[in-house]
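**Student:** What follows is each chain in one-letter form.
There are 2 protein chains.
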Amino acid sequence: MATACKYGTHRVLEPIGVLPQPAKKLNNDFSTLYDNEILVDVTALNIDSASFTQISEACGGDEAKIGEMILDIVNERGKMQNPVTGSGGMFIGTVHTVGAALKDCDLKPGDKIASLVSLSLTPLRIDKIVKIIKAIDRVEIVGQAVLFESGLYAKLPDDMEENLVLAALDVAGAPAQTAKLVKPGDSVLVIGANGKSGMLVSYEAKKRVGPNGNVVGAVIIDEPAHLLQDLGLAHKTIIADATKAIDLMHKALEANGGREYDVVINCVNVPNTEMASILPCRQGGVVYFFSMATSFTKAALGAEGVGKDIDMIIGNGYTRGHANTTLWELRENPGLRKFFEERYV
Amino acid sequence: MATACKYGTHRVLEPIGVLPQPAKKLNNDFSTLYDNEILVDVTALNIDSASFTQISEACGGDEAKIGEMILDIVNERGKMQNPVTGSGGMFIGTVHTVGAALKDCDLKPGDKIASLVSLSLTPLRIDKIVKIIKAIDRVEIVGQAVLFESGLYAKLPDDMEENLVLAALDVAGAPAQTAKLVKPGDSVLVIGANGKSGMLVSYEAKKRVGPNGNVVGAVIIDEPAHLLQDLGLAHKTIIADATKAIDLMHKALEANGGREYDVVINCVNVPNTEMASILPCRQGGVVYFFSMATSFTKAALGAEGVGKDIDMIIGNGYTRGHANTTLWELRENPGLRKFFEERYV
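Line by line, the protein sequences are chains D and F. So for the first sequence, our numbering puts the first residue at 233; every next one is plus one. So for the second sequence, our numbering puts the first residue at 233; every next one is plus one.
Where hints are given, some of them may not hold.
Identical chains blur together in the list; that is why a pair holds if it fits in one copy or across any two.
[What the hints assert, rightly or not] DSSO-like, lysine-lysine: derived pairs with alpha carbons at most 30 Å apart:
hint : residue 1 : residue 2
1    : Lys412    : Lys530
2    : Lys335    : Lys483
3    : Lys238    : Lys257
4    : Lys360    : Lys530
5    : Lys530    : Lys428
The set of hints was computed from the structure by calculation and includes no laboratory data.
One chain only, chain D, in its complex shape (with noise of 0.2 Å):
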């Protein structure tokens, strides 16, 4: 077995030179595995929900014929990415060969995991289709997959139910990162600190901070109301409207004894939501934002108008250990664990 581009770009075979998620074709046949990949044995698709709908509509919800259009695109493509909407979804399987040249990796066959990265971009085989189940856009099935090297992966544990694990891991990225960047004694505003993974990072954040430190969620609606308070993830919560950016930052500065916070993190997804980032901000501060709905431009050209100097990052939905970190806070926490129990499984 040769040693292939971590990547994955062995296995495209058209156009040849992309990466396999703008590939429109990859090698899907796994009698010949390279020895940096792994080898799943799939058991079930969570199909995104933008494509699942594109497709189940184009079926006119018919699930004999939901489960042709998928076998056809998988047929005709080597993986699950809808071409009318361009996303995937992630898998769940049990891992079948993992590759020799990969020694860091600590899976073996047998165990169970889902996969963290876009089925857009993960080579795929389907043998049969077992079931469609329309409710949750899932798709069992008898099929293989490959994971590249630099494929993301979570193993499956066996203290929580498989949904739950898959609602938090679907924004892993966001508490791993607060993990990494709230220090002991900060003030931290979490901007739509009531969604999932808004939750997430105000507990992670409230942890991090520690007795001499200060979390503030701002919400739309505190419904139920010291919802944030009560499950242990805020100090105090604002209730302001993202999109108008002057109120937002006199209410948070007023939760913060007049000054302004160390770090702001923006977990809102609706546009507009910049300037209530950037203002509230301290000099030499950090806005993270792992709201998709971020204008780059908007950021980049808003804190220059207004004089700060921060530091304004991408979310980046991977970092070391991010699964951990985040199936860890529904560990320690009973009360955010029912929360996610009642509200996403």
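We have chain D already, so just place chain F on it with the hints.
**Tutor:** Frame of chain D; chain F shown alone:
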């Protein structure tokens, strides 16, 4: 004199509660000054290129009409913000009054300065249009403007031509951020190293890495050949298209002894160069995006897709002392200064 909002919301007439940039109308009556404002006698406006082009075309290139249109905009809005393009520009002038509350301000009446915040958020009154200089988008005027407490400016030095200073300050954030970011011994890849910001960034990086580091400039055409090495801006140059990520990565790694880079700085102003920045960066390294063509989501999802645990930073046009850092480079490196004088003045 009262102390007002450091971001200038006290001068917003319409709509109340927003920042000066999105505002429709600012108060440009300077008979009452606040004690954290700086009043400047303005001698020239450097209109943003997109804005000047639009106005000039609307006026059929007629200088008198261009002057009238600019006067109308400023009388209407209290600032020189083109209602079509939304953009502004910068001013040059002489300090009239420094508010008493600005104790850390290094300005005194009579100092000649350039504003480093956009005219689109700067209260301005024009008493008279003196001259339109179409070739350089410049309007000489008699008038006054106010800088807010958060407003940025640079004192114009005596030892450099004004146009050289303005050309360099236009991208002052990039080299000054590089100075803070790059450490001795680092390997640094500068993508787009032969543009204006790329050259300033490369020189700063080469200074900072010292004798144990490696600065590699990626350019699409090395013209004139060996430009970067001849000017002392980089150890090596590679010729690669930043929209072809895999090809650029291979060339970049080869120029760094096969190793990934500690720091990658993107100074290319074309879209789809995120992956070319992410792939050559080592785990734990930093990618700094100065390109305004950067897509937030392409960067965020791209790093996750290839499993890169890196910090990705949104280029901030401002950091403390950025004007000094940048002009200092031109004093230190006469070859670079000569090149800038020939190309940009």
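**Student:** Next step is simple, just say for each hint if it's right about the structure.
**Tutor:** Hints, verified against the model:
1. Lys412 to Lys530: both (26 Å within a copy, 23 Å between copies)
2. Lys335 to Lys483: between (51 Å within a copy, 27 Å between copies)
3. Lys238 to Lys257: For Lys238 and Lys257, only the intra-copy Cα distance (18 Å) is at most 30 Å; the inter-copy one is 55 Å.
4. Lys360 to Lys530: Neither, since 47 Å and 33 Å both go past 30 Å.
5. Lys530 to Lys428: both (25 Å within a copy, 22 Å between copies)
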